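Colleague: So the chains spell out like this:
2 protein chains.
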Amino acid sequence: VTTLGIIGGGQLGRMLALAAAPLGIECVAVEPAEKAPAAIAADVIRATYGDRGALEHLARRCDVVTVELEHVPVDALGWLAERVPVRPSPNVVAIAQDRLLEKQALRAAGIPTAAWAEALEAFPEGTVVKRRFGGYDGRGQVMVPPGGTVAAVLDGDCISEAVVPFERELSIVAARDLDGAVVTYPVVENRHADGILRATRAPAPRLDSRTQAQADGFARRLMSAWDYVGVIAVELFQLVDGSLLANEVAPRVHNSGHWTIEGTDTSQFEQHVRAVCSLPLGSAEPWGVAAMVNLIGAIPDAAAVLAVPGAHLHLYGKEPWPGRKVGHVTVVAAEETELDERLQCLKLC
Amino acid sequence: VTTLGIIGGGQLGRMLALAAAPLGIECVAVEPAEKAPAAIAADVIRATYGDRGALEHLARRCDVVTVELEHVPVDALGWLAERVPVRPSPNVVAIAQDRLLEKQALRAAGIPTAAWAEALEAFPEGTVVKRRFGGYDGRGQVMVPPGGTVAAVLDGDCISEAVVPFERELSIVAARDLDGAVVTYPVVENRHADGILRATRAPAPRLDSRTQAQADGFARRLMSAWDYVGVIAVELFQLVDGSLLANEVAPRVHNSGHWTIEGTDTSQFEQHVRAVCSLPLGSAEPWGVAAMVNLIGAIPDAAAVLAVPGAHLHLYGKEPWPGRKVGHVTVVAAEETELDERLQCLKLC
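These protein sequence lines are chains A and B, in that order. So that you can map any letter, position 78 of the first sequence is 78 in this note's numbering, and since no number is skipped, the others follow by simple counting. All you need for this note's numbering is the position in the second sequence, starting with 1, plus 1000.
None of these hints come from the bench; they were simulated from the model. Mixed in with the good hints, there may be bad ones.
Not the full set, but computed from the structure, chain A residues with beta-carbon under 7 angstroms of chain B [said to hold, decoys possible]:
hint: 1; residue: Val144
hint: 2; residue: Leu306
hint: 3; residue: Ala307
Ranges between beta-carbon positions, derived for each pair [to be verified]:
hint: 4; chain 1: B; residue 1: Phe1133; chain 2: A; residue 2: Ala81; range: 52 to 60 angstroms
hint: 5; chain 1: B; residue 1: Ala1213; chain 2: A; residue 2: Trp321; range: 50 to 58 angstroms
hint: 6; chain 1: B; residue 1: Glu1285; chain 2: A; residue 2: Asp63; range: 36 to 44 angstroms
hint: 7; chain 1: B; residue 1: Arg1060; chain 2: A; residue 2: Met143; range: 52 to 60 angstroms
hint: 8; chain 1: B; residue 1: Leu1154; chain 2: A; residue 2: Pro32; range: 53 to 61 angstroms
hint: 9; chain 1: A; residue 1: Asp179; chain 2: B; residue 2: Thr1337; range: 22 to 30 angstroms
hint: 10; chain 1: A; residue 1: Ala213; chain 2: B; residue 2: Trp1321; range: 48 to 56 angstroms
Keep in mind that this is a model prediction, so the values were computed, not measured. Positions of the beta carbon are idealized from the N, C-alpha and C atoms, including for glycine.
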């Protein structure tokens, strides 16, 4: 029996563990929070992510360890990697948790981004000041309009980035196995509000092959440069001329890939488990079209959701409070018109 | 939070619990065996199925109780049903566990079967003597050729049945919710050896609408007569002229429905959980074609299985021993030729 360690026991860990179970892979998660969502299908060690005792336990018990979040102490991951394979590698997690290293890595891989600067610098089109460490779901960044003062809007080390007049936000989820084989899911369109992902359409409406190929290339170049193993997500801006800029990279399964559970033959969660456990990847082809809507701050009536044709409910076992992701709904359909009709029935977005 | 009790903690309970988790439904299973497969995603009370203490615990803790096997003490189920909803009802389980009551119920519902007799009777075309109680996977039955002696081939109460010169074995899985709404999956073809299901093709090759309609009618008539709630399976013989006879009924999710996990939008497991937990049913439409192969007595190399396009591995967390079902593999494809190619790569059947 293969045992997979997961740093983090939130909803991503939960869905990883649920995907691992049919493969006969047992999961052990490390999570400091009480009532870890992953506990439904994983043993949970209640400890901070860097707790040496918990990591020793993981090293002893697991065949391989992965992460469900990038905000993990890198020294702890490094210590673990000397004892048990850690996939993706601690180096990659270190890059993804530091916006400066991330931007430098994107530049090194020849992947276009918005203009940025290591120092606090005002861009003529407006500036986003971002903390180097710890930001997620829109936290840790401040928008400064053209002509504004970028100094001291945030504590800690920051970078500055030019505001991009993008047409829409897209993302791509891809996976790479130990042999270097890659599969990429279709590019999806994401809608955010207050910095939190609200809804994903998959594939992105009006997606053309050039856009898919460009996004594919970004994911492949990064994964190849990093000798990456597992699922990765690249958040993208699409400009008015159709071209793409990379925004952020997540070295893990991603909220914009949740639709793959019902929308494709192999979900991002199974794909990640396969990759890090030295198994071959599966098909990432979509069956039809899908939309994913996050449930934020409140749990809807399950019967009302499931009465919508093609609707699937995913609850994470979390108490709802304002702004908290407590689940998601995926709706699948044969084509866009049917999907729109179903989403109207759903009344969630 | 809804809590679902399950009598039985085997692989069916495991797959029910894995399907319940995303719906935010917690499962508690009663199972006497050590290392219950359901334990991956359910709390397991280690006790016999009729253990009064365990049932009291279920009654206190659960909103509804279901069964993953029909060989459950009916008096215990009846006791439970006075305290908490039991779906399907104990009456139906009592019928399904007794071949005589089952045959009588099929006759009462106007569903054709092979000729049978309550007494030990020799049929000119050959006779199958079957124990009334406790048979499964081919156990508890003996075939007597034409002219042979049917007396005393088995201990206990038995019925006798005429041997049917069938063309092939089929089955249908269907579900009915609390409001009486019904969905039916496509009729599938099953191949048995030594009385154990080896492989299922879904939909059954060369399935015509008349056959689907006849099988549909069988399932609908039984479920309506029984005011049934949950998933049901009806095993069928197809004769040379294409017509169907009902063989056996299982008041639960069924091995010949495992392909629905990847082959349809709503698996039989999710469908059963939805039905018994008062939620609406989902679509039972297949995406394409599928084949399910049981893993019996040995666990194959996971990497070899998953290298086959469209292949999905399901292990049950059971130690392999001769004749024991330890998992299954489902292969999906767009159409039959592609499926055949993939099955040849799989080299399992």
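Colleague: For each hint, tell me whether it holds in the structure or not.
Modeller: So, going through the hints one by one against the coordinates:
1. Val144: Violated: closest Cβ of chain B sits about 41 angstroms from Val144 (chain A), beyond 7 angstroms.
2. Leu306: This interface hint holds because 5 angstroms falls under the 7 angstroms limit.
3. Ala307: holds (5 angstroms)
4. B:Phe1133 with A:Ala81: 52 to 60 angstroms: Because 57 angstroms falls inside the window, the suggested range holds.
5. B:Ala1213 with A:Trp321: 50 to 58 angstroms: For Trp321 (chain A) against Ala1213 (chain B), whose Cβ atoms are near 51 angstroms apart, the range 50 to 58 angstroms holds.
6. B:Glu1285 with A:Asp63: 36 to 44 angstroms: holds (38 angstroms)
7. B:Arg1060 with A:Met143: 52 to 60 angstroms: holds (54 angstroms)
8. B:Leu1154 with A:Pro32: 53 to 61 angstroms: holds (60 angstroms)
9. A:Asp179 with B:Thr1337: 22 to 30 angstroms: holds (28 angstroms)
10. A:Ala213 with B:Trp1321: 48 to 56 angstroms: holds (51 angstroms)
Violation of the numbered hints given earlier is confined to hint 1; every other hint is satisfied by the structure.
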